Each structure stands twice: as C-alpha cells, then as structure tokens.
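> For this one, chain A is given, so just place chain B on it according to the hints.
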Amino acid sequence: MKVYQKNLYKNLLYIRKVQEEIIKRYHPADKMKCPMHFCIGQEIGPSAIEPFLKSYDTILSHHRSHGYFLANKGSLKEMISEFYGKSSGTNGGLAGSQELSCTKTNFYSGTILSGAFAMATGDAFSKIYKKTNNFTVTVIGDGGMEEGICAETLNIAVLYNLPILFICENNGYSTHTGLKQRAEYKKVSKRIKGYNLESHIFNSNDPEKLYFLLKKLTAKIRITKKPIFLEIMTYRFNGHVGPEGDDHYNYRSKKEINLWKRKDPIVNYRNKLLKKFKNKFINFENKTISKLNKEIDDAFKFAERSKFPNEYKKFNYQNTYSKIVKTFFKNDIDFENEQDSHKPMPY
Amino acid sequence: MKKKRYLSFSESINEAQIQAMRLDKNVFIFGLGVEKTGHVFKTTTGIKKKFSSKRIFESPNSEMALTLFAAGAANKGLRPILIHHRVDFMAYTFDQLVNWISLWSFKSAGMSSMPLVIRAIIGKGWGQGPQHAKTLHSMFSYLPGLITVMPSSPSEAKGLLLSSIMSNDPVIFLEYRELYNTREHVPEKPYFIKLDEVRHRLKGNDITIVAMGPSVLKSIKAQNICGNKIKFDLFDLRSISKFNLNKIYDSLKKTKRLICVEDGWKEGSISSEIISKVAEEGIKLKKPPVKITWPSSHVPMSYNLEKDFYFDENEIVKSAEKMLNKKV
Chain A
1 MKVYQKNLYK
11 NLLYIRKVQE
21 EIIKRYHPAD
31 KMKCPMHFCI
41 GQEIGPSAIE
51 PFLKSYDTIL
61 SHHRSHGYFL
71 ANKGSLKEMI
81 SEFYGKSSGT
91 NGGLAGSQEL
101 SCTKTNFYSG
111 TILSGAFAMA
121 TGDAFSKIYK
131 KTNNFTVTVI
141 GDGGMEEGIC
151 AETLNIAVLY
161 NLPILFICEN
171 NGYSTHTGLK
181 QRAEYKKVSK
191 RIKGYNLESH
201 IFNSNDPEKL
211 YFLLKKLTAK
221 IRITKKPIFL
231 EIMTYRFNGH
241 VGPEGDDHYN
251 YRSKKEINLW
261 KRKDPIVNYR
271 NKLLKKFKNK
281 FINFENKTIS
291 KLNKEIDDAF
301 KFAERSKFPN
311 EYKKFNYQNT
321 YSKIVKTFFK
331 NDIDFENEQD
341 SHKPMPY
Chain B
1 MKKKRYLSFS
11 ESINEAQIQA
21 MRLDKNVFIF
31 GLGVEKTGHV
41 FKTTTGIKKK
51 FSSKRIFESP
61 NSEMALTLFA
71 AGAANKGLRP
81 ILIHHRVDFM
91 AYTFDQLVNW
101 ISLWSFKSAG
111 MSSMPLVIRA
121 IIGKGWGQGP
131 QHAKTLHSMF
141 SYLPGLITVM
151 PSSPSEAKGL
161 LLSSIMSNDP
171 VIFLEYRELY
181 NTREHVPEKP
191 YFIKLDEVRH
201 RLKGNDITIV
211 AMGPSVLKSI
221 KAQNICGNKI
231 KFDLFDLRSI
241 SKFNLNKIYD
251 SLKKTKRLIC
261 VEDGWKEGSI
271 SSEIISKVAE
281 EGIKLKKPPV
291 KITWPSSHVP
301 MSYNLEKDFY
311 FDENEIVKSA
321 EKMLNKKV
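Going down the list, the protein sequences come from chains A and B. Going letter by letter, the first sequence gives residues 1 to 347 in our numbering. Going letter by letter, the second sequence gives residues 1 to 328 in our numbering.
Keep in mind the hints are simulated off the structure, nothing from the lab. Just so we're clear, the structure is a prediction, and the values are computed from it rather than from any experiment. All C-beta atoms, glycine included, are put in the ideal place defined by N, C-alpha and C. Treat the hints with caution; some may be incorrect.
Claimed, not checked - Quick list of simulated restraints, FRET-style, between CB atoms:
| no. | chain 1 | residue 1 | chain 2 | residue 2 | range |
| --- | --- | --- | --- | --- | --- |
| 1 | A | T288 | B | N61 | 44 to 54 angstroms |
| 2 | A | Y56 | B | D196 | 30 to 40 angstroms |
| 3 | A | Y312 | B | N205 | 38 to 48 angstroms |
| 4 | B | P144 | A | N203 | 39 to 49 angstroms |
| 5 | B | E281 | A | G242 | 42 to 52 angstroms |
Said to hold, decoys possible - Which residues of chain B face chain A? A few of them, derived with a C-beta cut under 10 angstroms, are:
| no. | residue |
| --- | --- |
| 6 | S62 |
| 7 | K76 |
| 8 | D95 |
| 9 | Q96 |
| 10 | I147 |
| 11 | L245 |
| 12 | Y249 |
To be verified - Straight-line distance between alpha carbons at most 30 angstroms, and here's what the computed BS3-like set of lysine-lysine pairs gives:
| no. | chain 1 | residue 1 | chain 2 | residue 2 |
| --- | --- | --- | --- | --- |
| 13 | B | K194 | A | K131 |
| 14 | A | K314 | B | K189 |
| 15 | A | K73 | A | K33 |
Looking at chain A on its own, in the form it has when it is part of the complex (with noise of 0.2 angstroms):
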C-alpha cells in the first residue's frame, strides 16, 4: 500500500467514526446541547484535501464542516468539547457544530449560508498583500450558492487574481428542498462559466481520483495565484440535522438513496484496497481502527473533564487598539484648549 492511499483511507475512516460516534453518544445522554450537521457520505472533500493544506493555508467551511475541520488538522478534542460547550472548546463553548472555528488552524465556518465564502477573497487577499506562498479552500453547499454574494465573491476572486480553491460540495438538497425544486440547472458549474473562471465538475465517488485532481489544482494555485471552481457531486446519508435520519419525511426517494449508498465512498475504496492488498490491508485497517477508536475516545473523555466557561459578555469586543498607537498615543496635544476657541464654522 502507498503512503497515499493509507493516508486517504485513514481521513476517510477518521471522519465517519468521529460522526458515528458523536450520533451514538447524542442521545439519550443529551450532553451535547446545539444542532449538527453531519457529513457521513460526503467525506470525499475534506479526505483528499488535507495531503495538500500547509500551515497558514486557510479553510473557510459551511456549516456541515467537521470534515473540513478534522482535515484542517484541527484537534478532535477541542472540537467535542466545543459541541459539549466547555472552555476547552475551539471557540470557549460559544460557537457549537454550526460556527465551529480555529484561529490557530486557520478554520473558519459559519451556518448563516454563504458568508465563509465571500470572507475567502479577503482572506486570499491577505495572502497576496504579505506576499506568501499560501492560499484559500473554501466549501459552500449547492444551497449556499443560491445567494447573491457568491456571484459577488466570484467576480472579485477573478478580478484581482486570488488564489482561492471554491469547493460547491452539491449534495442536491437544501435542507429537504431538492435542487429540483430550486433550480433549472442539475450542475452549479454550469452556471459559473460567464466569470472567466476556472471550473471543474468531479462526479465519481473515487477518493483516488478526488485526490490527483486535488493534487493538480492546489499546486496549480499556489503557483498562478488564481482562484479555481471545483464542483464535487455527493450525497448526504445523515438527516440535514442531528442525529436521528430525516428520510421518513419523503423528501427524498429510496432509489435515489439506494443508488447514493451503493457508491458508499468507504466502502467501495474499501473493497478496492481490500481486493488488492489483501492480508496487508487487513492488518493496516485494523490498526488504524483501534488508534481511531482510542483517539475518539479520549476526545469524548477530554470534553467530559473540562469545565463550562463561565463568561461570556467580553468577548464582544476586543477593547484594545494596534501597538502602534504607542507612538503616537503621546503626541496628545492640548485637545480641550484648542478647540475651546476654534468652534468648527459652518458652510
């Protein structure tokens, strides 16, 4: 087995059972107070991607995000407690699932539709005006590119040339709104054409593929400093929200979600590697399950210990100015006496 497929695997594995797990502990035991939007079978995105991330590369994610954070190389820990809502959370327990963010990891996501999206060229932006070698991953859903800001953000990515790699993850449904119903195009690519945008469409559910064609177009990037499009077609198996299914709603079909589960990401890469690298693979799998599974555990442990935060209203502001100010903050001239005999004049 390649160092890349042992890899990719691994991601692939990391992001299910972390989702598992977190659906099996919700209930009945209700520590876990916020909504969640989990990413079982769409785990394609963030696995391949993260070979590629360097350190002060950003991701700016939707709100189904703990993919993208996991693959970010953002601590698992950190992120249980966050949906726990203590201290040791990512964001102090003020944010949950839907704003999960890092500072120090460079992740950010948001749950109100599109608005990581949009911060991305500003973001990029940064990285051009310091003059460094990184760039922006941002990811938006089939629903978030619904909005107006993102034919916004698209024009102003290509007009000042930012290195931004757009992921639409189209997953065909917002909330329990088919594409169908909102749209005349199947594909949210098709529609991007007219920006002079570089634009792919990846419609397998291969991670191997996923991964070259990753590969191609984040080196591209960091190398043309220009944003490229990249539509990966998936499917959610989860409900939209927590962790009890939603498909007694009908608002999907089970030929649809059959023909979906037959394309199961892991199971098939799985059976491939399998087929393969037999008894090796085995021993490998076995392996990475049980440190998983150790990982995950300890995690959940970890936000169990820690403690609530007790304080919340002061973080609304920073309160503090740039160190600059020092230098002149003493040129503080004589204000009151000045202006006592200078009354502004109108026009």
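Frame of chain A, contents of chain B only:
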C-alpha cells in the same frame, strides 16, 4: 505664538488616512470610486500618488462581498478601510454586519479580531431624497460587537478616524455630508482619541445637551444665539456604542434638564436610549426630557418639504426657552 492650522473636515479625514497608512503598512483603502473623479468628497485626494495601487484600489458594486472581503482581510491582520458613498448602500450588507463581523470576536471567545473600518456618508440635504439621505446609525448601534463612530468636527474626525483604524474592533465611521466644508484648527501630528470617551464640548449650568455628529455643530450655533442668557452643558457622544455616560449623569445632577439632539428618526433613536439610561440611573429631572430629531418619516426630496423636515439651531433655542420659561 505659532499660527494655527485650519483644515476642513474632508482634509482632516484625508490626512488621518495618509498618516495611518504611513504608520501601518497593513492599512489599505478600497471601494467603488475611491480614487476617481470626486475622490469621495476629496477625502482620498492624492493617496494613490503617495502610495501604490496596492494600497488604494477600485472595486465593483458588490457591497455584500466587499464587506466580507474587508472582514477576511481584517481577520488576517490587515486593516482595511471600505468606503460607501452613501450609508444607504450598507443596507445591502446587513447579513455581513449582523451574522459575521459583529459576532466574530465573540464567537471565537476573543481569539479572533476584525480591525476594519467602514466609512459611510450620510447624504442629508439638497434633494438627496429617500434613498440617499437617511441615516442608519441607531440600527448599527443596536448590535453588540460593532463600534459606530459619528465625528462632529474636523479635529474630532482626524483623531477619531486614526483611533478607528487602529482599533482592533470593527468600526462603522459615519460622515454627514453637511460637515465636509466645516473648518477648524487641526493639529498636524497624528493623535488619538479614545472611542468610548464622551467629549464635554461646552460648559454651562442651565441645560444638558447630548448630541452627536452634525447636531453638535447645531447645538454650538444655538449657544451662540443664546449668548449668556442660557448656558448649555454640551456633550458630544463621539461613539454611539458601548455607552459610558458618567460625565453626562454628573452634568444632569447639576442642570436637571436634558435635551437630546440627533440627526435621525425619533423612535428607536440614540436619544431614546440616553433618556432611558438616565431614567434607569434614577436621576430626577425638573422638566421632561426633550428629543430634537427628524420626523418619523422618510426624507422628502422637494426643497419646500425638505427644509421643514430637518431641524436647525433655532429649534434647539426654542426648546431651551420653553424648558426654562424665558426668552433670549
């Protein structure tokens, strides 16, 4: 004695930006028309020549994405200044202010910051009409996490803009078009004004006036009309976020009379907030407090209607006379 230097409000803003850009290479300016024709009421004149087009550049009409462009850059340590020619365009950007910028520091538990400035101009006057003349300041002040600054004169504008650019919190800097040609002595060196420090502008014992932005100037003119007959204790709020009204409470304990002057609508105004805070503080007034504001209506264009829509210094004088039962 050294000759005093007079600058207009526009020149002060221009100088503050240039000095901030010299002090910190992370400061840059962008927006539609920022380095074209009118140079945003001459506030960006000469900046492109002094710096490069990397530090000041044009943008498309995309207020929503531009606002989060500023946010993304600020989150990474740059200090962007985004300019809107009219505050009315900021209505496009409510999601960006409400759901992203204002809560960014909060949701990161203080670990991330957004040191950005959004300069916006309030068109007020000369037929600007319903979509070009309103002011949305009290709507911004409602949001925790944002600082809304309303400078009242050239020297205030310079210091407050420098402080806003250097602030690690997001600042909305509101400039009333009617103030651009006012002139005042403005010191040359860069200087700093604490954003949450109310300024005691005139001293008097008769009536406490709380004002902000251009209503400070109108209150000063009202004082000139009143001469020695009525003396106002005038306060300039400077910032309408994170109120610290201690100085005003002290003044009210002395005057026991309060007039709030505000260029904006009456209901849900900053004046309403001041009066409510004074009531909560338990300060007993001799007369009911008065709000001098715009009528609760959109702004008419027709000159004939417009001149009655906006109040002037005479209205402040009239209210003061009524409150004290005397004529000036």
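> For which of the previously enumerated hints does the structure constitute a violation, in increasing order of number?
11, 12, 13 and 14
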